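Each chain, written out:
Protein chains: 6
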Amino acid sequence: MPEPWLPGLTTQTPQEGFDLAVKLARMAVKKTQPDETVREVLRPRYAGDAGDLIAASHVVAVHFATIAAANDYWRKPS
Amino acid sequence: MPEPWLPGLTTQTPQEGFDLAVKLARMAVKKTQPDETVREVLRPRYAGDAGDLIAASHVVAVHFATIAAANDYWRKPS
Amino acid sequence: MPEPWLPGLTTQTPQEGFDLAVKLARMAVKKTQPDETVREVLRPRYAGDAGDLIAASHVVAVHFATIAAANDYWRKPS
Amino acid sequence: MPEPWLPGLTTQTPQEGFDLAVKLARMAVKKTQPDETVREVLRPRYAGDAGDLIAASHVVAVHFATIAAANDYWRKPS
Amino acid sequence: MPEPWLPGLTTQTPQEGFDLAVKLARMAVKKTQPDETVREVLRPRYAGDAGDLIAASHVVAVHFATIAAANDYWRKPS
Amino acid sequence: MPEPWLPGLTTQTPQEGFDLAVKLARMAVKKTQPDETVREVLRPRYAGDAGDLIAASHVVAVHFATIAAANDYWRKPS
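Residue numbers (the numbering used here), protein chains in the order written: chain L, 1 to 78; chain S, 1 to 78; chain E, 1 to 78; chain G, 1 to 78; chain X, 1 to 78; chain A, 1 to 78.
Honestly, the hints are just simulated from the structure, not real lab data. Note that the structure is predicted; figures quoted are calculated from it, not measured. There may be inaccurate statements among the hints.
Note that the list lumps identical chains together, so a pair holds whenever it fits in one copy or between two copies.
Okay, derived cross-link-like pairs now, DSBU-like style, lysine-lysine, Cα gap no bigger than 30 angstroms in a straight line [as the list claims (entries may be wrong)]: (1) 76 - 31; (2) 30 - 76; (3) 76 - 23.
Can you build the whole structure from these sequences, using the hints too?
Pasting the structure below:
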């Protein structure tokens, strides 16, 4: 069995939580378009389109909300 | 009575929860467009469109938030 | 007084909750466009458009989040 | 002082809560475009556009989530 | 030090909360486009576009959800 | 080790929380398009497009919801 790509939602710091949110956003794209070659072709296109970048940022925001809640907003000293 | 396609929101791991989120996102598409032939025609189109892929990733994010809450963020050791 | 179309948010199963989410998404469209003839004309159009299908799936996801919370995520055995 | 258009978020039934969500969605449009004549011109346009209808349905879904939470999901008998 | 434009999220009434949501939605636009002249040029354009108006209404809905939660849904008599 | 760009979600005031939300929205764009030159080219384009500005405002709204919850809505006197 391969190592799980998502072992959990808990992170040491908010910043690591943010990076995890970015990862989750990308992973969902990967689930819909599993072909890496196609994704490589699309990447420069949406990375150069303002509307797509904002839309991608939106998805990160939704995942970050989930991760922040999972970490009780990193309120307690770790 | 057929086996329910959605027996519950509880999953053993976060990763299974993520896969369930992908499933729910697709199921809602299926409810709006029940004709599999049409969906098969559309799939390569949106799988090759950056904006559509990001939008699909967004829907997964919303379902993942629900599933994560349902699992209390997989905080407790299962 | 007619039977209410939305008697409550509680459902026996997650799957019924998902169907209710689909219903709520459609009902809001109906409130904005009450003319059934127009809706009938539009239906095949958005059911054949990948972007519209994903957008419709998104609305279902938001309603499903509400309904899942209302049912305490169907955690307890009913 | 005029009667407030939004006296509260509590409603007797889920269905009234849904209608309030529709009202809130429209009121926000009104705040951005206060000119009724312009809104009257736009209404048939978006009421005949599948994408706009779905987008409007989305806004209703977000408000309904808020109103449902405000009413504790109408769980208790009123 | 200038008066803060956002002293808090608490409002006396739901309606004031709604107006604050509209304010927050506009303020975020201002943060991205600080030039008032440009914003003045854009305003009539999006105020006359159905899709933009619905999108703006959506942003208000998200902020209203936050403000409503901050005010515990104005449940208690103030 | 460099100073973290996101040390935490707690802010002294709601207004600082709003500014942090704007920062998070931008940071997610940066993660998808790390090339500052490209971002500089895109900035005036979306800052002059009503739809993009509203979309950016939407992302800020989602992050602000998270930050507001993290700060318990700044209810208690600090």
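inquiry  = For residue 76 and residue 23, with the copy left unspecified, which applies at a CA distance of at most 30 angstroms: within, between, both, or neither?
reply    = The answer is both: 24 angstroms in one copy and 23 angstroms across copies each meet 30 angstroms.
query = Using 30 angstroms as the alpha-carbon threshold, which applies to residue 76 and residue 31: within, between, both, or neither?
reply = between (34 angstroms within a copy, 27 angstroms between copies)
Alpha-carbon proximity between residue 30 and residue 76, which holds within one copy, between copies, both or neither at 30 angstroms = Close across copies (28 angstroms), not inside one copy (34 angstroms); limit 30 angstroms.
Every hint from the earlier list agrees with this structure, and none is contradicted.
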